[in-house]
Amino acid sequence: MNTGVTISHAFGVGSFVSLRPQTTPVPVPLLREIYTLLAKDFRLEWRQRAALGGLLLYVGSTVFVCFLSFSLRGGQPPAPAWNALLWVILLFAAINAVAKGFMQESPGQRLYYYTLVRPQAIILAKMLYNALLLTAVALLGLFLYTVFLGNPIQDAPLFVGNLLLGAIGFATTLTLVSGIAAKAGGNGATLMAILGFPLMVPMLLLLIKVSKNALDGLDRSVSQQSLLTLLALNMLVGAVSYVLFPFLWRG
Amino acid sequence: MKFTWWKLLTVVFLLYSAVAGFLLPVPRLAIVNESIRNLYFHVPMWFAMMVILCTSVFRSVQYLNKPSARLDILSHEAAKSGIVLGVLGLATGSLWAKYTWGAWWTPDPRLNAAAVALLIYGAYLVLRGSFRDEQQRARVSAIYNIFAFAAAIPLLFILPRISGNSLHPGQTGNPGFNKYDLDSTMRLVFYPAVIGWILFAFWMTQVSSRLAFLQLKIDEK
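Taken in sequence, the protein lines are chains S and Y.
According to the UniProt record's numbering, the stretch in the first sequence is residues 1 to 251, in order.
According to the UniProt record's numbering, the stretch in the second sequence is residues 1 to 221, in order.
It should be emphasised that the hints constitute simulated quantities derived from the structure, not laboratory data.
Just so we're clear, the structure is a prediction, and the values are computed from it rather than from any experiment.
A virtual CB, placed ideally from N, CA and C, is assigned to each residue, including glycine.
Don't take each hint at face value.
[Stated by the list, open to error] Covered by chain S, according to a simulated footprint, are these stretches of chain Y (three or more residues, beta-carbon under 8 angstroms): (1) 118–130; (2) 137–151.
[What the hints assert, rightly or not] Some chain S residues well away from chain Y (every beta-carbon gap over 10 angstroms; in silico): (3) Arg43; (4) Gly60; (5) Glu105; (6) Arg118; (7) Lys212.
[Unchecked claim] Chain Y is faced by these chain S residues, among others (derived, beta-carbon under 7 angstroms): (8) Leu191; (9) Leu195; (10) Pro198; (11) Leu231; (12) Met235; (13) Val237; (14) Leu248.
Given the sequences, and given the hints that come with them, work out the whole structure.
The following block contains the structure:
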């Protein structure tokens with residue numbers, strides 16, 4: 001029950017939230033709630049470094065395994081394989097990273113949050129937190145990947161921009177899915193993969209297409225439409241999550 | 001049991017589309033040849049699937065608005081009918097692809113999109129199966145139903161169009177199938193077939209929902 005203590009402590013620091021009873025009409029601004037929740041998530045992550053370390057180790061070791069297997073055939077993989085492997089690594093890292101978000105919380109903790117903050121604040125804070133986490137993981141993953149497997153990227157700004165868009169997209173899609181999977185209890189991580197993968201396929205197709213264009217150094221106008229679709233998709237998913245999460249939370 | 005007029009219409013339209021679809025003349029087009037008659041089956045099945053899946057999502061929204069076991073059953077059974085029609089559409093499409101494009105499955109954007117749509121609804125069924133508590137199951141699966149529909153289904157229609165390298169008709173900015181529509185005799189069969197399959201989807205859903213309602217009644221006793 002280490003976590004329970006940590007959390008109440010975390011809220012004790014931001015006491016303006018915990019002092020507010022559910023019924024008072026005095027509204028705490030949504031941004032304030034989001035900020036507190038975000039700070040809580042970061043603090044939790046930092047205090048239980050095992051999860052973060054595991055994630056980084058996961059990215060590091062998959063990259064290293066790729067390096068070892070490609071070095072058998074003399075170094076750098078061909079560009080399409082390079083691209084595919086990078087996205088596979090990032091996809092699984094994202095699922096692992098987001099999966100623990102809601103699942104590490106016990107029903108009691110959820111009830112506690114329920115009395116303190118709006119559900120909208122919870123989903124927005126979680127999405128923001130996951131987006132930041134996945135951005136960091138994606139950038140670190142790309143760095144390790146280019147160190148070990150070479151750098152065939154011809155249009156680096158486009159590639160990195162697309163990678164960030166992908167990290168944010170994974171975060172927005174998977175956050176609600178992880179909430180759903182956590183509700184089902186039991187085998188949450190498997191369920192999350194089953195629920196999440198089909199939803200991410202359209203996004204992945206766009207991401208892989210744009211990153212292939214960036215690898216080949218094609219003109220930016222070729223990727224423009226896909227990038228806009230990705231952006232629109234991210235916003236759509238975020239908006240739908242925002243609307244649906246209160247229903248999920250109410251249970 | 002009541003035999004309402006629209007069920008009669010379903011039977012008439014589906015029988016008519018099967019008989020007339022195989023007997024009436026069709027335009028002679030290169031490559032597709034006689035396989036163009038598949039238009040009377042393949043396309044209406046997808047239309048019916050889309051309509052019934054929209055119904056399912058609509059029921060889910062209604063459920064979240066005002067929860068009841070009835071709405072949950074209606075939404076679930078509509079989704080199941082949609083899956084059946086999706087599998088049928090995939091099978092007829094695969095058959096058509098074999099005889100016109102030369103392969104059972106091609107990496108075509110539209111085909112991949114169809115497979116993804118079925119995976120999503122497969123995931124929906126898995127999700128339903130993983131709950132014990134009925135209310136919890138109903139609420140969470142309604143949420144997933146809406147989320148999946150909003151996140152993926154529109155894209156399945158946008159993505160094939162912007163990718164621009166599809167063999168499938170109705171791609172790259174052209175939403176219809178005007179190429180085939182030149183012949184007005186085809187419309188005479190196609191439109192009744194579409195209506196017939198959509199009505200059939202509702203009929204199927206109605207029957208399976210009725211079964212589920214009875215099951216619920218037995219369980220409550």
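* Asked: Among the hints numbered above, which are violated by the structure, and what are their numbers in rising order?
  -> 11 and 12
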